[in-house]
Amino acid sequence: FGKSMRQMLKEKLSSKILEEIYPVIVKADGNIAKHPLRVENIPENFEFYPHGVAALGGLGKNEKEMPLVLVVNHRSDVDALEIFHVRSNDESDYTLVHEKSVLHPLLFNVNDCVFVDRNNVYCTNWRSNPTGSLMDAIEVYGQMPWNNVVHCNLETSGCEVVAEGIRMANGIEISKDGLNVFVVATMDKAVLVYARNNKDNSLDKVASIPTNALCDNLVWDGEGTTYLTFLDDSCVYWRLISHIALYKQLF
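When the letters of the sequence shown are read in order and numbered with the working numbering, they come out as residues 113 to 363.
These are calculated hints, taken from the structure and not from any lab test.
Keep in mind that a hint or two might mislead.
With a cut-off of at most 16 Å between alpha-carbon atoms, the simulated EDC-like pairs for lysine to aspartate or glutamate come out as follows [said to hold, decoys possible]:
#	residue 1	residue 2
1	288	328
2	311	276
3	311	229
4	311	289
5	288	229
6	301	328
7	212	152
8	212	159
9	317	335
10	212	156
11	212	267
12	317	267
13	288	335
14	122	159
15	122	189
Estimated spans, in silico, between C-beta atoms of each pair [stated by the list, open to error]:
#	residue 1	residue 2	range
16	268	167	16 to 26 Å
17	212	312	20 to 30 Å
18	209	255	37 to 47 Å
19	318	120	31 to 41 Å
20	232	318	36 to 46 Å
21	276	152	31 to 41 Å
22	162	244	15 to 25 Å
23	232	333	17 to 27 Å
24	335	245	41 to 51 Å
The model shown is predicted, which means the values in this text are computed figures rather than measured ones.
Glycine residues also receive a C-beta, built at the ideal position from the N, C-alpha and C atoms.
Starting from the given sequences, assemble the full structure and let the hints guide the process.
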């Protein structure tokens, strides 16, 4: 049934990928600049095959804490969350410093993550079986609701399932106030809306926004609008924006 995603990544991506990272900085005036990014504190024999990325904090001089970057890493034998902090001396000098790796049995086939704060993240598992296996083919082509969202504490490396029964859990975002989590359910052609309990980080599904497209990732623009990438020809942006606006009025 084909190669696993980990096999394909290892064949296609260079083990020296960390030496080839260039952050793209979009400035307030709209200008785009690409700067070399140094990487420090990398463990010996470190495998790095990146997928989803999440960030917390800004690069401004007035920031009180160093910004964090979380990268989903599909190692050849297991998935891991790689935590880095960004050190910058000026607008053209950035260093990515590896802090720790988070591994857990529930981080099985991770797609995307989002920060709640410096110690808590939510991650989507987009497949429940090894990619390329018979059960994976049954899951994908049968559109089985076998995927989940996990909450992980980066300080303790503990994880727990907080939402399940999802058909291909993909991109994930959190509202600015931290009260709602949005998950792309690709095979459902929907964005699932969850109310978040800020005491125990549990999630309660409260709405499903139809997209009429096989959507992939989503991102907030900071002003209350979300944008999605999708895998077919349906133009769904305005429909989704209007649904989210209605959702905010109702709840």
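Pairwise beta carbon distance, residue 335 to residue 245, judged against the given window 41 to 51 Å
holds (42 Å)
Has the hinted range 31 to 41 Å been met by the Cβ atoms of residue 318 and residue 120?
holds (37 Å)
Residue 301 paired with residue 328 [C-alpha distance capped at 16 Å]:
holds (10 Å)
Holds or violated: residue 212 and residue 156, Cα atoms, limit 16 Å.
Measuring from Cα to Cα gives roughly 13 Å; hence the hint holds.
Taking 20 to 30 Å as the hint, is the beta-carbon distance of residue 212 and residue 312 inside that range?
Since the Cβ atoms of residue 212 and residue 312 sit about 23 Å apart, the hinted range of 20 to 30 Å holds.
Does 17 to 27 Å hold as the CB distance between residue 232 and residue 333, or does it fail?
With a Cβ separation near 23 Å, residue 232 and residue 333 satisfy 17 to 27 Å, so the hint holds.
Sort out whether residue 159 lies within 16 Å of residue 122, counting only the CA atoms.
Distance of about 9 Å is within 16 Å: holds.
For residue 212 and residue 267, compute the direct alpha-carbon distance and say whether it is at most 16 Å.
holds (10 Å)
Are residue 122 and residue 189 close enough, with their CA atoms no more than 16 Å apart?
holds (11 Å)
Can you tell me whether the CB distance of residue 209 to residue 255 sits inside 37 to 47 Å?
holds (41 Å)
Straight-line alpha-carbon gap residue 311 to residue 289, limit 16 Å:
holds (14 Å)
Is 16 to 26 Å a correct range for the gap between the Cβ atoms of residue 268 and residue 167?
At roughly 22 Å between Cβ atoms, residue 167 and residue 268 fall inside 16 to 26 Å, so the hint holds.
Hints 1, 2, 9, 12, 20 from the list above are not met by this structure, while the remaining hints are.
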